[in-house]
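Colleague: Residue numbers (numbering that gives the first Met the number 0), protein chains in the order written: chain A, 0 to 283; chain B, 0 to 283; chain C, 0 to 283; chain D, 0 to 283.
Simulated from the structure, these hints should not be mistaken for laboratory data. Hints should not be assumed to be uniformly reliable.
Unchecked claim - 30 Å max Cα-Cα, derived DSBU-like pairs, lysine-lysine:
1. Lys271/D with Lys251/B
2. Lys271/D with Lys265/B
3. Lys127/A with Lys127/D
4. Lys269/A with Lys271/B
5. Lys86/A with Lys246/A
6. Lys271/B with Lys209/B
Unchecked claim - Rough simulated footprint, nothing fancy, chain D against chain A, three-plus residues with beta-carbon under 8 Å:
7. 5-18
8. 209-216
For every residue, glycine included, the Cβ atom is placed at its ideal position computed from N, Cα and C.
Here are the chains, one letter per residue:
There are 4 protein chains.
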Amino acid sequence: MQKITLLIHCEDQSNIIASVTNFIATNDGNIVYIDQHVDREQNIFFMRLECEFASNTFALENFKQLFSTTLAQKFQLEWKIFAAERKPKMALFVSKYDHCLYDILGRYNSGELFLEIPFILSNHLDLKPIADSFNIPFYHVPITASTKDEAEQKQLELLESHAIDFIVLARYMQIVSKTLIDNYPNKIINIHHSFLPAFVGAKPYHSAYKRGVKIIGATSHYITEVLDAGPIIEQDVAHVSHTHSIKDLIAKGRDLEKIVLSNAIKLHTKRKVMVYNNKTIIFS
Amino acid sequence: MQKITLLIHCEDQSNIIASVTNFIATNDGNIVYIDQHVDREQNIFFMRLECEFASNTFALENFKQLFSTTLAQKFQLEWKIFAAERKPKMALFVSKYDHCLYDILGRYNSGELFLEIPFILSNHLDLKPIADSFNIPFYHVPITASTKDEAEQKQLELLESHAIDFIVLARYMQIVSKTLIDNYPNKIINIHHSFLPAFVGAKPYHSAYKRGVKIIGATSHYITEVLDAGPIIEQDVAHVSHTHSIKDLIAKGRDLEKIVLSNAIKLHTKRKVMVYNNKTIIFS
Amino acid sequence: MQKITLLIHCEDQSNIIASVTNFIATNDGNIVYIDQHVDREQNIFFMRLECEFASNTFALENFKQLFSTTLAQKFQLEWKIFAAERKPKMALFVSKYDHCLYDILGRYNSGELFLEIPFILSNHLDLKPIADSFNIPFYHVPITASTKDEAEQKQLELLESHAIDFIVLARYMQIVSKTLIDNYPNKIINIHHSFLPAFVGAKPYHSAYKRGVKIIGATSHYITEVLDAGPIIEQDVAHVSHTHSIKDLIAKGRDLEKIVLSNAIKLHTKRKVMVYNNKTIIFS
Amino acid sequence: MQKITLLIHCEDQSNIIASVTNFIATNDGNIVYIDQHVDREQNIFFMRLECEFASNTFALENFKQLFSTTLAQKFQLEWKIFAAERKPKMALFVSKYDHCLYDILGRYNSGELFLEIPFILSNHLDLKPIADSFNIPFYHVPITASTKDEAEQKQLELLESHAIDFIVLARYMQIVSKTLIDNYPNKIINIHHSFLPAFVGAKPYHSAYKRGVKIIGATSHYITEVLDAGPIIEQDVAHVSHTHSIKDLIAKGRDLEKIVLSNAIKLHTKRKVMVYNNKTIIFS
């Protein structure tokens, strides 16, 4: 049995669901999961399907070709098809904070994450021992004002040579370049340590402390060119009080960051996320 | 445009999604919402659809007849079809506590609930003034050991004469009879003031206090013959501490009860709940 | 037995706790509750005490006088003393939304709130029937650009003549004047329908929808001259998804608003809130 | 400056707060934190203080002696005094699950936990590599029906020879013996993977799945002789739905277990927990 995941969006129109499901059935596929959403403000239809085909007769490229020239044309669909058994390859970018790294590698090691980690990259050497202890290649690509372009070039080469599918910034403290973003659109996941859009930018826990909020949060989002303004994948919060110092907020926030980021990674690798107009549709 | 909601469950089998969607399309319906679930343990398939038909040609009874004799037979479907524009009729059973009653009537008055309330029934007169202030008929049906059968008969007559679709026990402190349950299967919604299955039965806040739990909860479920063991529709919890007295737990719990019960009512009236083997499927 | 609540703040210094507790003991009081906090950034000490005195010998004014001339002077204390049995008087300002009003009055009626409501005030007549059904005086004070000063004068007269202690803006859709704020410093409680500081100003649910956030919130705070920037008393949030329309966010948000506002009212009336430098200390 | 933490409980009585604070002041101590609680049902008073003394004159043993013979006798106090700078020594008992172990060691490594870990003990060898990678001694003490007494003896020797203060069962899948419990009363912290008292005993996620609950939880508690019935330190929950398989519940639960257990460890090591009559008082 071969399994595929199909993501579609297009202008909302009649009979789209019946047409797609009928197409799958006609081509000897069996739909095992279907979810759909209509954005009524923008009149856009979104759908996610998981389908099974008999392995001996199914050829993914043929199916894509057929889908593309018939249904996709007729309904003017934007679409993506993924072979379900293929693990996406994730590059981990880190800096000096280790909590998200430990969390992701612990989950990875225990088989919780459906992905491969070809390498970890950092502008510092601090976390190399952790990468070593999990037997994952670690690349040190330092960044200074004068070496920025060079470093970026090195990053792109590494990403390409390892056939990376998506990048996770696990508290990577650098601004990512436009080139990188353009090469990996909606494929660079960041964790920001506030409930966006509150406290954009640096030192959100300090700002939260100063404002005297009673909840803090963390937000995982795709990186776009506008700082901390990309499509939000996942958010969570925790209650705090006047008794929490900035240090306490940072400690409490670490737990939020870990869980929110790992949830975003899971959603992304399960192809549960669609992006449209700087917002996400998250199929459950 | 006429809109229907279709709920289906059956043994899981190939091509069921494509067949149903195709059937709708063939009969000039347009699917505007589809959600499905497969219970892999029990191999049962569940689906919920919302479909639109042109008003001038569509006849609900004809459609039901056709669906029943073709698709339903072929796949051995259990199914229900609801006309979306029809408001379900809800009977409210209360006793002496007023918080859930106020909450439901406040929402009802402001148009938040898609339902009608033909009457409120109680074994006490305490809450009659509230019913009066919202201009809803109030029936006083006292219950004593000797009048129990008679009271129950009176209840059944009222429910039938008002064509009630479902019953909400808004902190109604009486055990509901088997006859009532049999007449309204999975149509009697109760609110229990604990996170079931913890603290079944009377005085759950007292038990929670005694056990020293750090969270309390509320659970909305359909009434079955086994006390507090029916299918759970919705649950929510709140954190508490050693500083909370039993009275504090009761006060904090009231807010949970209100929200959990009103959410269950909304899910039920939107036909978002399916019940199978004493568990619920809640479509989002 | 006579009970008082004592709130103190001052520059942090040695022996302040022992000195205050000793003072109470020396004057035949028994401390039944003590809580304290030190803001290490600003070096400020905060304390809240509940003390009991024998009724036949205790005179509140004498005690205040003594406290003021001895301890308060020695440690340069800012302090407030409240007789615990006196119910604070709350004025309710509303506009057209009824959910917070229903919620507060339901709690008030069932004895959950320790306060009196001398009157409800609105710039519209829409909610008068609700006030009537709870038998609470309702004043209609319309506001237009030309009558603003006059309306404000009328408000101040009503507040004064009813000896109002604090004001609750239960979705009162008007900007409150500087004069009112100056007359009731940290005594005007507002409910804002977002997790501040995100989505300051009008239509926060629309902004939340547009940004695609995965959580929405509500914030209760004291009104200051800067819009939505006053000291935060209480916040809560709820998870949302792409399936929620703006209308859904508004409906879900109403439940947050109700609970957050009523919690803030309870904290305020129990004298659990201290304000310093635009932040709150909330004693539990 | 030398800092101590003082925990007291006794029958509730007048002037206890003033007397204790006065005693500290008289002995040249400065109270920097005070919290107290009265259990009105059982008429028991609880207090936690942090005090600072000038290092050159303060002798902890002398202070204890004086406190014991004066105040403690007068008020019949139960009390404990801890030197704040001394890190408690924690033994980690594990079995085959690694998520709590990774979580605790990650926090330990980054300095988040105020404690020492002299050793990790397991009845299996599976997690030895993790202990090795963090450079913590690992003892393998296998347990079979015939070697149970011997294994227990070995455990007690290890605990004693390393001067262990408290034990954490990080998903240690064995029933702990009465002897161990008696030697470490309210000093053995367990994590149970349900919101107790629901789903006591083995396989709680399976039971939760079967019951169809909409929330799952985790509970950290001190071990007593009655299974899963000891004093609860911390609980947390997560929302689930019909879409979650047992495997999903287990994965989601792991995150709860990690956070709940590490919070309990923090509360214990900060001396924030008091136990009375099988319940905890948790000072914030």
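Colleague: Could you work out which earlier hints the structure fails to respect and list their numbers in ascending sequence?
Modeller: 2, 5, 6, 7, 8
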